[in-house]
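**Student:** Sequence:
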Amino acid sequence: MTHPPRSDHPPRSDPWARQEAPDVPELPLSHGELWRQHAADLTRYATLLVGPHDAHDIVSIAFHRVTHRLDDGQSIPNIRAYLMRSVTNAATDQHRSQRRRQERDLRAAAISPTSTVETFGTELDIRRAVAELSVQQRAVVYFTYWEDLDSLDIARLLDIAPATVRRHLSRARLQLRKELS
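Heads up: the sequence shown at position 31 corresponds to 31 in my numbering, and the numbers run straight through without jumps.
What you were told as hints is all true, and nothing was included just to trick you.
Here are the simulated distance ranges between beta carbons: (1) Asp72 with Ala163: 26 to 34 Å; (2) Asp153 with Gly32: 22 to 30 Å; (3) Arg177 with Gln102: 18 to 26 Å; (4) Gln98 with Gly73: 32 to 40 Å; (5) Ala131 with Asp153: 21 to 29 Å; (6) Lys178 with Ser75: 39 to 47 Å; (7) Asp159 with His68: 12 to 20 Å; (8) Gly73 with Glu179: 41 to 49 Å; (9) Gln98 with His64: 18 to 26 Å; (10) Arg128 with Ser60: 20 to 28 Å; (11) Asp72 with Asp125: 43 to 51 Å; (12) Asp148 with Asn89: 21 to 29 Å.
No lab work stands behind these hints, which were simulated from the structure alone. Backbone N, C-alpha and C fix where the C-beta goes; we use that ideal spot for every residue, glycine too.
Construct the complete structure from the given sequences, taking the supplied hints into account.
**Tutor:** Written out as structure tokens, the structure reads:
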């Protein structure tokens, strides 16, 4: 008895026959899924950069910027790194705006910036010293000491060179030593 030649494809008449999945590109995550996956990490990171009161605003701004790019059809290969970088950028924007506002208010009140805050303890000194760091330096300090990441991982997250990470960390340590001594 001879058998008919086997076909690589199942006959169409059999609805239960196993069929290969079509070669369809993977759909991007919805905005809600992106938020659920990344919001907690982004908020922790933003809290370090700008404090607990502004962290949610910074994350919302960053998320809005990223979803706009996705809605425009732009491809983002490493969404987590891109979101982290967007949080850093939003924090930098907020920091600049806040600094300009403070300088304007100080000029208006004719108060010297050095006489505005008295220190009330070590914790306040540390918070103040960390707040004086640039946003990039604070980010590197956060990922190094709170997230326990090495310079390569931090570089990938912030989309900068590992040497830049090490430079930011070195300068941050120097400034913190100077401020806290």
